[in-house]
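J.: Each chain, written out:
2 protein chains.
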Amino acid sequence: MAVTLKDVATLAGVSVKTVSNVVNGYAFVKPENRRRVEEALAATGYRPNVGARNLRRGRTGFLALMVPELSIPYFGEMAGLVITAAQRRGWSVLIEQTQGTRDRERATVDSLGPHLVDGALVHPEALEADDFPDAEGKIPLVLLGEHAVDVALDRVAIDNVRAAHVAVSHLVSLGRRRIAAIGANPKRGTSSLRLAGYRAALADAGLPSADSLVEPVAKYHRAEGAAAMKRLLAQEEPPDAVFCFNDLLAVGALRSAAEHGLRVPGDVAIVGFDNTEESAFSLPALTTISPDKAAIAEAAIDLIHRRLAGTESAAPRSVQPPFSLEVRESTVVS
Amino acid sequence: MAVTLKDVATLAGVSVKTVSNVVNGYAFVKPENRRRVEEALAATGYRPNVGARNLRRGRTGFLALMVPELSIPYFGEMAGLVITAAQRRGWSVLIEQTQGTRDRERATVDSLGPHLVDGALVHPEALEADDFPDAEGKIPLVLLGEHAVDVALDRVAIDNVRAAHVAVSHLVSLGRRRIAAIGANPKRGTSSLRLAGYRAALADAGLPSADSLVEPVAKYHRAEGAAAMKRLLAQEEPPDAVFCFNDLLAVGALRSAAEHGLRVPGDVAIVGFDNTEESAFSLPALTTISPDKAAIAEAAIDLIHRRLAGTESAAPRSVQPPFSLEVRESTVVS
Chain A
1 MAVTLKDVAT LAGVSVKTVS NVVNGYAFVK PENRRRVEEA LAATGYRPNV
51 GARNLRRGRT GFLALMVPEL SIPYFGEMAG LVITAAQRRG WSVLIEQTQG
101 TRDRERATVD SLGPHLVDGA LVHPEALEAD DFPDAEGKIP LVLLGEHAVD
151 VALDRVAIDN VRAAHVAVSH LVSLGRRRIA AIGANPKRGT SSLRLAGYRA
201 ALADAGLPSA DSLVEPVAKY HRAEGAAAMK RLLAQEEPPD AVFCFNDLLA
251 VGALRSAAEH GLRVPGDVAI VGFDNTEESA FSLPALTTIS PDKAAIAEAA
301 IDLIHRRLAG TESAAPRSVQ PPFSLEVRES TVVS
Chain B
1 MAVTLKDVAT LAGVSVKTVS NVVNGYAFVK PENRRRVEEA LAATGYRPNV
51 GARNLRRGRT GFLALMVPEL SIPYFGEMAG LVITAAQRRG WSVLIEQTQG
101 TRDRERATVD SLGPHLVDGA LVHPEALEAD DFPDAEGKIP LVLLGEHAVD
151 VALDRVAIDN VRAAHVAVSH LVSLGRRRIA AIGANPKRGT SSLRLAGYRA
201 ALADAGLPSA DSLVEPVAKY HRAEGAAAMK RLLAQEEPPD AVFCFNDLLA
251 VGALRSAAEH GLRVPGDVAI VGFDNTEESA FSLPALTTIS PDKAAIAEAA
301 IDLIHRRLAG TESAAPRSVQ PPFSLEVRES TVVS
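Line order of the protein sequences matches chains A and B.
full-length UniProt numbering puts the first residue of the first sequence at 1, with every later residue one more than the last.
full-length UniProt numbering puts the first residue of the second sequence at 1, with every later residue one more than the last.
Worth flagging that the hints you see were computed from the coordinates, not collected in a lab.
If you're wondering where the values come from, they're calculated on a predicted model, not measured in any experiment.
Wrong hints could be hidden among the right ones.
Stated by the list, open to error - Listed next, the stretches of chain A that the computed footprint assigns to chain B, with coverage defined by at least 3 CB atoms under 8 angstroms from CB atoms of chain B:
1) 65-71
2) 100-109
3) 203-217
4) 270-284
From the three backbone atoms N, C-alpha and C, an ideal C-beta is built for every residue, glycine too.
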């Protein structure tokens with residue numbers, strides 16, 4: 001019952017050779033044909049005869065995806081998209097969870113070799129540059145998410161500074177003047193970038209950026225967002241808007257605002273980050289930064305594919321997928 | 001930097017031999033020692049030298065986990081727990097997504113063999129009994145979730161009929177009389193069990209179970225819950241309580257109730273199922289059935305482990321982990 005190359009070719013209306021070229025990652029396929037083949041691959045759920053092909057090429061047929069926690073919706077959604085994108089290339093995906101600790105992240109990165117996987121997508125939170133193994137004889141590694149780590153690897157991440165700037169400028173444009181931030185954490189690279197974007201947007205608007213308005217959190221979980229919001233609301237002069245560094249923190253902030261008897265956005269506007277599915281259904285629905293998660297997954301899988309096929313130049317590539325601001329009820333009354 | 005058996009033994013205060021016995025799944029370890037070793041394994045993030053051990057045993061070091069969609073929080077949370085439980089036994093976990101379609105589920109189950117993985121945890125939604133490959137020469141397979149499929153495999157699932165009965169009886173005990181259900185779907189085994197529990201609880205309370213109060217859905221997503229709730233609220237005599245077959249449907253129902261200007265639970269009480277992290281933070285927080293997800297993951301990994309170690313009898317085992325009702329704001333005003 002397995003889907004064959006021929007089935008895919010028939011559905012796409014192209015030759016078997018063209019399907020094979022796409023599946024094997026060769027560069028010279030007309031964009032229109034590539035698109036049709038990729039749609040047909042998705043529709044049929046085609047899986048290459050991995051065993052035979054991998055033996056031939058000395059490959060394992062596996063990719064690894066390293067994330068902090070799958071129970072965090074952003075990572076659950078990203079993992080789903082990575083698995084889908086990888087499957088179209090004939091890869092199965094191993095998932096490793098690190099809880100975002102440097103020791104676990106280092107142990108995971110150390111364990112990845114060509115005996116285990118053909119490549120890896122790693123989403124580190126605490127790794128430092130010298131934690132990465134020597135590239136010599138190693139598998140292609142793609143970093144997901146922007147980080148301070150200065151290491152010569154392929155990367156796929158949206159522009160976090162700019163995204164944070166867009167989120168905060170949206171609040172400024174609505175007339176908010178005491179804009180707080182929840183999510184500062186010196187150990188997380190992404191946090192410092194979002195904080196920089198927040199501060200830059202305030203500076204550009206001529207607004208103060210008091211340290212008392214920046215709430216640190218240890219984890220990007222709902223409970224931490226709720227606790228941070230409580231602290232902000234206990235201040236003598238509470239904020240009239242809050243930029244949260246992810247949707248979970250924002251969901252926690254929504255709850256604390258409600259428990260405090262405040263209207264959102266009337267009394268305090270709240271913006272999240274990630275556009276997780278949950279954010280569209282919270283009460284009120286969250287305005288949030290929406291990274292193009294499918295584009296992130298596709299770009300990362302594509303990079304590994306090209307590295308293995310040798311169709312990518314030697315220098316590390318940095319891919320910046322687009323993002324947008326989803327404006328919803330937590331900042332604008334509909 | 002890798003953690004050794006010796007490190008684990010030192011931390012647990014037991015001999016290296018005892019740690020080895022636990023890691024290798026031998027039965028005769030004192031419960032107290034087993035507990036200490038398992039805590040030390042978790043704390044250190046110990047990973048057996050999988051390569052060497054697997055070669056010796058003819059194993060791959062991989063398990064497969066088949067789920068419909070990782071972006072559904074229940075599956076994201078379950079996958080996280082399965083990966084953690086598997087890692088303690090030295091397994092890495094491959095995740096396959098099927099979107100819950102029978103074709104994709106069958107293709108996945110067909111592809112699982114001893115060349116690929118040592119065992120598999122499968123969460124089917126549409127598979128029928130004759131879709132399962134002959135057990136002969138195959139790997140240990142554990143079914144997650146209760147299903148109508150009559151196939152001789154190990155299973156791990158809570159008692160869905162009883163859980164639904166508990167949820168609906170809770171609504172009855174609060175004086176609700178027109179209790180609707182959202183989530184009927186004849187293609188999903190779990191749905192028919194929850195529907196049976198719902199009907200039984202109504203019958204036990206002497207309440208009517210009109211067909212008009214049972215809302216079918218194609219998928220267990222938030223948007224479907226919102227749409228189903230809208231249909232219920234448009235009825236001449238709308239319900240005063242709704243039992244939703246998962247938390248996502250309930251989150252959608254909360255939104256439609258709010259858009260309809262109704263108070264929850266004042267005008268309509270809502271109960272979910274799964275106790276996903278989201279349910280504790282929604283406004284209002286959801287009363288929900290809480291399956292012991294960690295126990296489900298542990299039991300499934302343990303079954304595969306014992307099958308491979310030959311310490312389990314030949315007959316298929318059925319393990320029923322516990323569940324509880326988490327009573328929150330969506331049914332009882334705090």
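J.: Mind checking, does the segment 203-217 of chain A have 3 or more residues with a CB under 8 angstroms from chain B?
T.: Since 0 is below three, the answer is violated.
J.: Are at least 3 residues of the segment 100-109 of chain A within less than 8 angstroms of chain B when you compare beta carbons?
T.: Holds: 4 residues of the segment 100-109 of chain A have a Cβ under 8 angstroms from chain B.
J.: Quick one: see if chain B covers the segment 65-71 of chain A, three-plus residues with Cβ-Cβ under 8 angstroms.
T.: holds (count 3)
J.: Test coverage of the segment 270-284 of chain A by chain B using CB-CB distances below 8 angstroms; three residues minimum.
T.: holds (count 6)
Hint 3 from the list above is the single one not met by this structure.
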